[in-house]
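**Q** Sequence:
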Amino acid sequence: MYRLCNAFSYWQGQEIKNATHSFFDDIMQAFGHIQDVAGSASSGPELWVGETGWPTAGSKYQSAVPGVSSAQTFWSSAICGILDWGVNVFSFEAFDEPWKPVSTGQDGSVADETHWGVWNSDRSSKYSVTC
171 MYRLCNAFSY WQGQEIKNAT HSFFDDIMQA FGHIQDVAGS ASSGPELWVG
221 ETGWPTAGSK YQSAVPGVSS AQTFWSSAIC GILDWGVNVF SFEAFDEPWK
271 PVSTGQDGSV ADETHWGVWN SDRSSKYSVT C
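Residue numbers (this note's numbering): 171 to 301.
Bear in mind the hints are in silico, worked out from the structure with no lab data behind them.
All C-beta atoms, glycine included, are put in the ideal place defined by N, C-alpha and C.
Just to be clear, a hint being listed does not mean it is correct.
[Stated by the list, open to error] Here are the simulated lysine to aspartate or glutamate pairs, DMTMM-like style, with alpha carbons at most 25 Å apart:
#	residue 1	residue 2
1	K187	E283
2	K187	D206
3	K296	D282
4	K187	D292
5	K296	D206
6	K270	D254
7	K270	D282
8	K230	D196
9	K270	E221
[As the list claims (entries may be wrong)] The following label-pair restraints were derived from C-beta to C-beta distances:
#	residue 1	residue 2	range
10	D206	W289	31 to 41 Å
11	G209	K270	34 to 44 Å
12	M198	S294	30 to 40 Å
13	F260	K187	33 to 43 Å
14	C301	G202	29 to 39 Å
Let's have the full structure, built from the sequences with the hints guiding it.
**A** Quick look at the structure:
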């Protein structure tokens, strides 16, 4: 049995310098809660990160600013960091999705998901995904 936990430091309005800490804190709190309810890591469900990432373009959200450099930093620090702990991760998203509609977040700001891909929609690389 698997349980997936999503964590998006970007949607919490974190600056990139705080994003890894925020991500780890959110995931560890979620994993702890699941283990309290479903059992320990050895006897309970296998825990994975279901979705995380950082947009490479789009609108600023509070203090979070999209950009290739920030996405690379998040990948290198947060995603590679949790992989080093032995936790599996699904990145949101593999490829940019320019066909997605622009949406509005709860605070009224633009909350589009068109530029969250690790690769461009034409499958070209944006940044290194080597850990």
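**Q** Going through the earlier hints one by one, which of them does the structure break, listed in rising order?
**A** Hints 2, 4, 5, 6, 13, 14 not satisfied by this model.
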